[in-house]
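A.B. asks: Listed here are the chains, written in short residue letters.
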Amino acid sequence: MSLVFAGACSHAPGITGRSERADPKLREEFYRNLGRIRECLEAARPDALIVVAAEHFANFFMDNMPAYCMGMSDEYEGPIEDEEWLAIKRRKIPGNPDLSKRIICDVMQKIDLAYAEEWKFDHGIMVPLHFLTPRYDLPVVPVNINCQGPPLSPLHRAYELGRTLRAACDAQPERIALLGTGGMSHWPCTPDSGKINVPWDKAFLDSFIHNRREDLISYTDEEIFADAGQGGFEIRTFLTVAGATEGSTGELLFYAPIPVYAVGCTVATMAVE
Amino acid sequence: MSLYCIQKLLYQLNRDPYTRQRYHDNFESLLEEYELTKEELGAIREGDIGLLYVMGVNGQILMHYSALIGQEWDEYIHAMKEGVKSHGPVRAGIYTLLKGSES
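Quick mapping for you: the protein sequence lines, in order, are chains G and W. Quick note: the first sequence uses my numbering, first residue 1, plus one each step. Quick note: the second sequence uses my numbering, first residue 274, plus one each step.
Since the hints were made in silico from the structure, they are not lab data. Even for Gly, the Cβ is constructed at its ideal location relative to N, Cα and C. The reader is advised that the hints may include incorrect statements.
If you want the footprint, here are the derived chain W segments under chain G, 3+ residues with CB under 8 Å [as the list claims (entries may be wrong)]: (1) 293–302; (2) 305–315; (3) 322–333; (4) 337–346.
For reference, chain G alone in the conformation it holds in the complex:
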C-alpha cells in the first residue's frame, strides 16, 4: 500500500509522570489534541506504526551508538523506566519483524541503518503510545535517531532518512503510519529544566508545518544547543517526518509551553499525498 498517516508529538516523561502538576485546563487541551491525532491515526486504518524517536540511553550507550537504528522484533517491552515514575504500566508491544526487515533492506540502499532484534522502549516511545495506541494492539516498528550523545547525524541526513523511509513504505503492501516524537527547545534533566524558548519553537514549527527543507536543515548543533538546549537536538525526529512528507504541508493541532513537563508540548499532523 503506502504511507497512510504522518504526525508528530512530544514525549516528555512529565506528560504522564508529573501530569497533575500542570495547569489542568492546559493539560486537558493537550490531552484532547493527542486524542485528535489518535483519531486521525485510527481513521487511516494502519497495519503498523513506525515511531521515529530519540531514546535517552535506554538501549544505546556511547560504547556503540548508532546514528540510526530500526527495530526488527516481533515484540518489544516498555517502559524501561520505573512504572510509577512514568505512570505507565510495563507491558509487551507487538512488532512486525517481516515488515521491519523489508523496510530496513530498502532504507539501506541509501542510509546505513543499524537494526536491533531486542529493544526496550523508554518514555520517548511509551508516552506517545499511551495516548495514540492505548490498547497496544497496533504493531510498532521503532526507529531511533541518536539525539543524545554527540557526534550526531547532520540534519540533512535526518531529512534524507525520512525521504528514504517514505520510499520504503510506499513499496510495501501494508498500510503504514509514521509518527515522529521529540522535543524542540528544552533543557531536560538539568538545572534549566522547564526553560522553553517559545519564539524558537514557533519559528521551527512554522518551517516544519510548511515543510521548508532548507530552513529545517539550516541549524548547526552549536546554534541548537545555544538557543534550544541539548533537548533541541531531538528536532531530528521532526525532520524525518518532514522528509517523509516532502512536498506536503501540515497542521499544528496544539502547541503550548508546559514548563513542569519541561517541553513545549506539540501535536501536529502532516498531509500524506
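Given the coordinates of chain G, assemble chain W onto it according to the supplied hints.
C.D. replies: Quick look at chain W alone, frame taken from chain G:
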C-alpha cells in the same frame, strides 16, 4: 575516559537489573570494576548528584540515578543547582559543547 566510565556505571545501574542487584548487595565490589577517580568514587558513594552533574554526567542518565537513591524530582533539580554553586560550572561532556566558542 573517566567521564565515560562513570556514565557507563550509572547507565548500567539504570538499565540492568543484575547491576542494580549488585549495587544493593555489594556496592564496593561493583565499583571496583570501573576506572573511577577518587572524586568520582566519593560522589557516587555519597549520592552527590550536584557534583556528578558538574563532572559532566548527562542528565538523561543522572536523573535515573537520582530516582534510584530516592530523590524526588524537585530534590534532583535542587541538587544540581547546589552542585554548580558549590563546585562551579560543568567541566566536561555535552553541557560544555559551547565552552570553546564562549572563550
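A.B. asks: Quick check: do three or more residues in the region 322–333 of chain W have a beta carbon closer than 8 Å to a beta carbon of chain G?
C.D. replies: holds (count 4)
A.B. asks: Using C-beta distances, would you say chain G covers the region 337–346 of chain W, given that this needs three or more residues below 8 Å?
C.D. replies: holds (count 3)
A.B. asks: Are at least 3 residues of the region 293–302 of chain W within less than 8 Å of chain G when you compare beta carbons?
C.D. replies: Result for this restraint: violated, n = 0.
A.B. asks: Given that the region 305–315 of chain W was listed as covered by chain G, double-check it with a C-beta distance under 8 Å for 3 or more residues.
C.D. replies: violated (count 0)
The structure is inconsistent with the numbered hints 1 and 2, although it conforms to all the rest.
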